[in-house]
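Take these sequences, add in the hints, and give me the full structure.
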Amino acid sequence: MKNPLKEKLKKGEAVIGTFVSIGHPDITERISRLGFDWLVLDSEHGTLSYETMKGMMQSMGGSSCIPIVRPQWNDFVVIKRVLDIGAYGVLVPWVNSKEEAEMAVRACKYPPEGIRGFAGRRAQKFDPDYFKTANDEILIAVQVETPKAIENLGEILSVPGVDVCYVGPSDLSCNLGFGMPPKWNEPRYLEAFDQVLATAKQCGKPAGMFATFDNIDWALEKGFIFNTVGSAESFMVQGAQMALAKARGAVK
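Quick note, the sequence shown lines up with residues 7 to 258 if you use this note's numbering.
Watch out, some of these pointers could steer you wrong.
Computed list of lysine-lysine pairs in DSSO-like fashion (alpha-carbon distance at most 27 Å, straight line) [as the list claims (entries may be wrong)]: (1) K211 with K12; (2) K86 with K14; (3) K154 with K228; (4) K104 with K17; (5) K12 with K228; (6) K14 with K207; (7) K207 with K8; (8) K14 with K131; (9) K138 with K12; (10) K211 with K104; (11) K211 with K17; (12) K12 with K115; (13) K16 with K207; (14) K211 with K14; (15) K228 with K16; (16) K189 with K207; (17) K115 with K138; (18) K17 with K138; (19) K104 with K12; (20) K104 with K154; (21) K211 with K86; (22) K211 with K154; (23) K86 with K104; (24) K154 with K207; (25) K138 with K86; (26) K86 with K16; (27) K16 with K104.
Between beta-carbon pairs, the in silico distance windows are [as the list claims (entries may be wrong)]: (28) G41 with K8: 15 to 23 Å; (29) F132 with R39: 18 to 26 Å; (30) G185 with A125: 38 to 46 Å; (31) L40 with W224: 17 to 25 Å; (32) A204 with K131: 42 to 50 Å; (33) C180 with E239: 18 to 26 Å; (34) P117 with G185: 40 to 48 Å.
If you're looking for bench data, these hints aren't it; they were derived computationally from the structure.
In this text, a Cβ means the ideal position worked out from N, Cα and C, and glycines have one as well.
As structure tokens, then:
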């Protein structure tokens with residue numbers, strides 16, 4: 007197994023992904039060929055089943071885009087299954103402590119470093135070296151969504167096997183007491199992003215965030231390099247809105 011996404015991050019290169027919650031392989035087939043480095047198949051807030059995610063990953067075959075899964079929770083049973091069907095890594099939600107980070111790492115790694123069970127499922131079937139390389143190549147990203155996570159981020163990123171941290175701006179805004187939409191003009195909210203970047207730099211780990219068309223430039227300029235921008239759903243809606251507005255404007 008070779009994970010080009012992880013290799014780029016080690017070199018300090020910025021990588022761009024997007025979220026996909028629409029459960030159809032046609033979506034991932036097309037988007038994976040547009041130039042994104044990675045796609046997040048979202049089973050935390052999406053309704054994707056294991057069978058659906060497997061088909062979505064299969065449709066990405068032949069592209070240079072990497073499938074990452076956001077599991078429903080930091081649960082070793084769930085993480086084991088998404089890795090078995092071919093995910094190159096996980097974006098683990100709600101990691102607030104060193105112990106929870108250790109739990110995520112153990113779920114992703116085969117013994118003796120972890121507790122992942124071995125089974126000859128899709129990930130291993132076409133790669134004779136998978137068992138030897140997976141522990142090093144699987145990408146483990148932890149989400150920063152709470153003040154507690156920011157407070158403990160140094161300990162979280164010190165856990166061997168944690169590769170990168172990723173800010174969820176909406177949940178962070180809610181958990182800081184600002185509600186929705188995020189308060190991008192609130193100094194205390196923006197300070198949280200600076201704290202994440204400073205701690206990540208101190209620990210020698212990259213950081214990223216969920217960005218939109220409106221703030222992806224800001225994220226990259228700040229120093230976040232493991233970013234997603236928008237989602238398949240938002241692209242579809244925005245494209246439809248533009249087409250409809252154009253058509254309505256042409257009606258005489």
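Comparing the hints with the structure gives:
{"no.": "1", "hint": "K211 with K12", "result": "holds (12 Å)"}
{"no.": "2", "hint": "K86 with K14", "result": "holds (25 Å)"}
{"no.": "3", "hint": "K154 with K228", "result": "holds (22 Å)"}
{"no.": "4", "hint": "K104 with K17", "result": "holds (25 Å)"}
{"no.": "5", "hint": "K12 with K228", "result": "holds (21 Å)"}
{"no.": "6", "hint": "K14 with K207", "result": "holds (17 Å)"}
{"no.": "7", "hint": "K207 with K8", "result": "holds (25 Å)"}
{"no.": "8", "hint": "K14 with K131", "result": "holds (26 Å)"}
{"no.": "9", "hint": "K138 with K12", "result": "holds (17 Å)"}
{"no.": "10", "hint": "K211 with K104", "result": "holds (15 Å)"}
{"no.": "11", "hint": "K211 with K17", "result": "holds (11 Å)"}
{"no.": "12", "hint": "K12 with K115", "result": "holds (16 Å)"}
{"no.": "13", "hint": "K16 with K207", "result": "holds (13 Å)"}
{"no.": "14", "hint": "K211 with K14", "result": "holds (13 Å)"}
{"no.": "15", "hint": "K228 with K16", "result": "holds (18 Å)"}
{"no.": "16", "hint": "K189 with K207", "result": "holds (25 Å)"}
{"no.": "17", "hint": "K115 with K138", "result": "holds (11 Å)"}
{"no.": "18", "hint": "K17 with K138", "result": "holds (23 Å)"}
{"no.": "19", "hint": "K104 with K12", "result": "holds (22 Å)"}
{"no.": "20", "hint": "K104 with K154", "result": "holds (11 Å)"}
{"no.": "21", "hint": "K211 with K86", "result": "holds (24 Å)"}
{"no.": "22", "hint": "K211 with K154", "result": "holds (19 Å)"}
{"no.": "23", "hint": "K86 with K104", "result": "holds (20 Å)"}
{"no.": "24", "hint": "K154 with K207", "result": "holds (19 Å)"}
{"no.": "25", "hint": "K138 with K86", "result": "holds (16 Å)"}
{"no.": "26", "hint": "K86 with K16", "result": "holds (24 Å)"}
{"no.": "27", "hint": "K16 with K104", "result": "holds (22 Å)"}
{"no.": "28", "hint": "G41 with K8: 15 to 23 Å", "result": "holds (19 Å)"}
{"no.": "29", "hint": "F132 with R39: 18 to 26 Å", "result": "holds (20 Å)"}
{"no.": "30", "hint": "G185 with A125: 38 to 46 Å", "result": "holds (43 Å)"}
{"no.": "31", "hint": "L40 with W224: 17 to 25 Å", "result": "holds (22 Å)"}
{"no.": "32", "hint": "A204 with K131: 42 to 50 Å", "result": "holds (43 Å)"}
{"no.": "33", "hint": "C180 with E239: 18 to 26 Å", "result": "holds (20 Å)"}
{"no.": "34", "hint": "P117 with G185: 40 to 48 Å", "result": "holds (44 Å)"}
In terms of the numbered hints stated before, the structure departs from none.
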